[in-house]
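Residues per chain are reported as follows:
Number of protein chains: 2
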Amino acid sequence: MLNIAVMGYGVVGSGVVEVFYKNRESIQKRAGKEMEIKYILDLRDFENTPYASKFIKDFNIILNDNDIKIVVEVMGGLNPAFSFVKSCLEKGKSVVTSNKELVAAKGAELLKIAREHHVNFFFEASVGGGIPIIRPLHQCLAANEIKEIAGILNGTTNYILTKMIKEGASFEEALKIAQQLGYAERNPAADVEGHDACRKICILASLAFSKHVFPEEVDTVGITKITLEDVDYADKSGYVIKLIGRAKKLDDGKLIVTVGPSLISKHSQLASIDDVYNGIMVRGDAIGDVVFYGKGAGKLPTASAVVADVIDEAKHDDTEMSLFWTLPEKSIVTDCKKGSIQYYIRAVNAGQAQVETQFGKVDYLTRAAKPENEIAFITAMGEEGVLDSKAEALGQNGAQVLSCLRVLDY
Amino acid sequence: MLNIAVMGYGVVGSGVVEVFYKNRESIQKRAGKEMEIKYILDLRDFENTPYASKFIKDFNIILNDNDIKIVVEVMGGLNPAFSFVKSCLEKGKSVVTSNKELVAAKGAELLKIAREHHVNFFFEASVGGGIPIIRPLHQCLAANEIKEIAGILNGTTNYILTKMIKEGASFEEALKIAQQLGYAERNPAADVEGHDACRKICILASLAFSKHVFPEEVDTVGITKITLEDVDYADKSGYVIKLIGRAKKLDDGKLIVTVGPSLISKHSQLASIDDVYNGIMVRGDAIGDVVFYGKGAGKLPTASAVVADVIDEAKHDDTEMSLFWTLPEKSIVTDCKKGSIQYYIRAVNAGQAQVETQFGKVDYLTRAAKPENEIAFITAMGEEGVLDSKAEALGQNGAQVLSCLRVLDY
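The listed protein sequences correspond, in order, to chains A and B. This note's numbering applies: residue 2 is where the first sequence begins, and numbers increase by one. This note's numbering applies: residue 2 is where the second sequence begins, and numbers increase by one.
Keep in mind that a hint or two might mislead.
Any copy, or any two copies together, can satisfy a pair, since identical chains are not distinguished.
[As the list claims (entries may be wrong)] Cross-link-like lysine-lysine pairs, in silico, DSS-like; alpha carbons within 27 Å at most:
#1 K177 x K87
#2 K237 x K267
#3 K255 x K226
#4 K226 x K300
#5 K148 x K255
#6 K87 x K331
#7 K30 x K316
#8 K226 x K55
#9 K58 x K23
#10 K23 x K255
#11 K212 x K107
#12 K34 x K212
#13 K167 x K237
#14 K362 x K212
#15 K148 x K23
#16 K30 x K331
#17 K23 x K300
#18 K316 x K92
#19 K30 x K249
Keep in mind that the hints were calculated from the coordinates and are not lab data.
Only chain A is shown next, with the shape it has when bound in the complex:
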């Protein structure tokens, strides 16, 4: 009998318990052994569940029970998750987590501790909810040099943008609907400011490029400043605006890692990923572009990813997995302003002459109710920092640059 402890009985934790008992028979068959959830750690009381007898409030019971071989951490947040996970790994227990904040901040450290103690640290559910992405990426990686990863990594913002694009709702209106439906938190900052997407691209980049990429190294912009004017210009020119997290390897081996609302072609496979769905594109030298699509969040999808990790660990409990990255001596992330990009720019009180003085030849965009004094265009490819200076220069003498978004070629 393989005993498991689940730490946290929130949305994901209760989903893990539900999926485990619902599909227990096939889970045990696939794992090749009998399995049981012995403890559920939560400070709250849950007296009316069928699992009431399993609840405990003292983490040390899990830590000191040598029967517990696998610990599922689904509490979220950095503390006490980090110290709990660290202690479990040091005690020789494998850990499965859905906690992206933890993996993005402490992944390299925890992977190292796991390796030193011959156990595993798995986190399939930390990116893309139920979409299998961590292992497939690891598998793609096996025979490919990964050149770029780009994804719609946050369901809340994708829902809001979809409402703006498809129904003409303003950002504020769309956010309110998302909150009513439970897709957005009452304090939506982690989603709409891009922090959640940032953590996820950090995890993917760390895995793909074998060195830890920290959230602080990522140029992160949210969607709060996206207006219906931008959505409209994009739409009329064959683009959609999506919040894209991306990590791109440059020729010198350094990475550009950004999160920001970006224009992508309607023909892109990422363009048709709507509502709360996520999609992740992996670009490899042999494989070309591969896209993984599915529900990026939610109780059961995320729980099923956690349970899949548990089964994998149960099956291979004497094998150390090769999912791994290390702390770099020096950051492998370079200033995104040094990368080449095209910009979409919307400005008022600037004429074509001023635009072309700064940017040379550009593609002008239009929309139905375009005011006389508004101008929107897509620049030629240029160094991002140089384009920023030009945009700043354009916004002089009464002119004002209202939007400045990357145009990406997926």
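Got chain A; can you put chain B on it based on the hints?
Same frame as chain A, now just chain B:
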């Protein structure tokens, strides 16, 4: 040093050798050991490659060399691939193949032999080219009951249909272009008659439902009878026509498995998969719908999937993987005519009265240059066999049913 033999130096085989030597350093790092391709088996001469010294023409050299732990079978076809692979497994060598014909016909048998001899039989490249699908499906499966799999599994037919839909090319014109570009064989039957897609859905269904599904059990229809009229009606009504391979589990545990041109909504994630790309949707009870997208064929994508399998085997050469299915005592596939479906029907010389006599209330479709005597509609949900009888009855008394396609709800 782990020695590998590659059997077959065609498109995929030469790709495997190319990817292996190009990314050898990272491949060895990921496998955790030194690796070498010791032999390449091919009856033809390849004197001008850098690997000329590795070529052999006698399979027994591979079979009897105890240094060879992994054999890559990329010859294609059933014979002699089957006897070669069988012999290798029986000699305790793990086998990696891209050969869908082999896996679809002999998968259960070879998996059994592999298990008996404590080696592995891997075939990630047999479906979806470079798209990781076999392992992710296996992983999804771990915590999910799979309810349905549906995919665009053949790049050639998808290219032809895309040309018809986007450029108004006829089937014959589109096929000719596909042949000129090397996407279609001179004898295109295996692709356009649906046999290739059929083999792939057999492999996916066998894996998802643990029992071998044979190509002969699958209701398989190709795209040769699709006309621009059908494409046009679909387009004007919010659908596209795609060649869909699907396996659906019914409440009684039996499967419906079909391959055929089908109408799917333009909003479906499968609808935007164009040209030679493939996409596979997996529907699980916890995970919801997950879609995997990428290049379904081609030298390097397929080779990279083969090499990923080789690395996985090298890494876990003492572990037997749980990818497995068995020969069923009795087929688990039921007659697709017993399933519920909606039909798209196009007929001539039949009026609305006759249509409604047979089908009751239907949705009529229209197109720009619709001739007076043509009628097209989508039926309500009904048992497929019953709808067939009604369509036959409609095609009486001078009326003629020209097209009858499934409408699928992905």
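Okay, the hints, checked on the actual structure:
no., hint, result
1, K177 x K87, "neither (38 Å within a copy, 61 Å between copies)"
2, K237 x K267, "both (11 Å within a copy, 19 Å between copies)"
3, K255 x K226, "neither (30 Å within a copy, 52 Å between copies)"
4, K226 x K300, "neither (30 Å within a copy, 44 Å between copies)"
5, K148 x K255, "within (11 Å within a copy, 43 Å between copies)"
6, K87 x K331, "within (24 Å within a copy, 51 Å between copies)"
7, K30 x K316, "both (10 Å within a copy, 24 Å between copies)"
8, K226 x K55, "neither (47 Å within a copy, 61 Å between copies)"
9, K58 x K23, "within (25 Å within a copy, 53 Å between copies)"
10, K23 x K255, "between (46 Å within a copy, 21 Å between copies)"
11, K212 x K107, "within (12 Å within a copy, 42 Å between copies)"
12, K34 x K212, "between (35 Å within a copy, 21 Å between copies)"
13, K167 x K237, "both (13 Å within a copy, 20 Å between copies)"
14, K362 x K212, "neither (39 Å within a copy, 61 Å between copies)"
15, K148 x K23, "between (40 Å within a copy, 15 Å between copies)"
16, K30 x K331, "between (45 Å within a copy, 22 Å between copies)"
17, K23 x K300, "within (14 Å within a copy, 42 Å between copies)"
18, K316 x K92, "both (20 Å within a copy, 26 Å between copies)"
19, K30 x K249, "between (40 Å within a copy, 22 Å between copies)"
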